[in-house]
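If you read the sequence shown in this note's numbering, its first letter stands for residue 4, the second for the next number, and so on.
These aren't lab readings, by the way, just hints derived from the structure by calculation. None of these values were measured; they are calculated from a predicted model. Heads up, none of these hints are tricks.
When the alpha-carbon atoms are kept at most 20 Å apart in a straight line, the in silico SDA-like pairs for lysine to any residue are as follows:
1) K74 - S87
2) K89 - E117
3) K74 - P97
4) K100 - V116
5) K143 - I56
6) K66 - Q90
Distance windows between CB atoms, simulated:
7) E59 - R249: 17 to 23 Å
8) T68 - R182: 29 to 35 Å
9) E139 - D223: 32 to 38 Å
Every residue gets a Cβ at the ideal spot worked out from N, C-alpha and C, and that includes glycine.
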Amino acid sequence: MFSCAKASRYELCEIHGLTITARCDVAQQKYPVLNYLPLVKLHDWIRRDGLDILVERESRNMKGTLNKMLKQAQISEALLRAVSLKQVAETHFPIGKGNKAHKEASRRFHELVEENRSFEALLKKSPNEVFSWFVEHRPKDVEALVRQLSRHQVLGHYFLEKISEEEDGSATGYVCLLREVITLPRSVAERLGRGLDQGTYQSICAGEVFENGLCIQKNDLAMPVVEIGSPTIEHILQSFAQLFGRIGVADPVEDVIGGIVEHCISSDR
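Please build the complete structure, drawing on both the sequences and the hints.
Structure, rendered in structure tokens:
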């Protein structure tokens with residue numbers, strides 16, 4: 004693992020690079036290029052890739068709750084593709100009309116519409132503001148995501164408690180971005196092993212595309228910092244290989260699954 008690595012969306016963050024080119028190839032100098040995966044701090048990940056996951060889950064939950072209420076009111080979900088939520092609320096969930104149950108449903112639906120509007124407005128703010136909202140209003144969701152990450156259940160992201168036993172203080176966590184493979188030419192990789200400053204790096208690259216492979220500031224030195232031991236490195240590579248070896252299929256249709264569940268329950272009555 005080395006310093007001064009690079010990753011999309013993580014500008015101005017401290018990033019390490021985890022080499023995934025076979026060690027034997029490097030030792031025997033049988034590699035034309037060196038491939039690595041970025042390793043970022045959990046603090047930075049939860050405000051970028053992790054935040055995307057939190058937003059997606061919150062949006063899905065909101066949509067699911069709204070669709071459930073529409074279904075209970077025998078209103079097609081397809082209506083939302085033609086008219087706005089506000090129009091649906093005003094037309095089909097008028098405030099103060101109907102019996103007690105209808106009034107309660109209308110009140111709740113209007114609340115959900117307002118929550119949805121507020122959340123969409125929130126997403127236009129900075130990532131730090133959005134994350135602060137989750138910390139304040141959805142702390143259990145943040146905790147659940149970090150725990151899933153720690154159990155390696157977040158596809159494309161590998162969690163490490165720490166990268167060295169010599170780190171001071173308690174573990175704060177790191178995340179390896181398995182989808183973001185970055186390549187360095189052998190000329191850069193060989194010099195990286197001895198320490199590489201900004202000027203030398205620029206002269207080696209001479210304007211080539213590989214200049215985007217590292218982010219070395221004026222007073223920085225890209226260099227090896229630690230070696231990830233066994234079996235952790237093997238588990239990371241296994242997770243990396245499985246990510247690109249999997250076959251994706253469409254999610255089950257919720258209405259169909261609901262019908263199957265209902266059939267299972269009713270057939271046993």
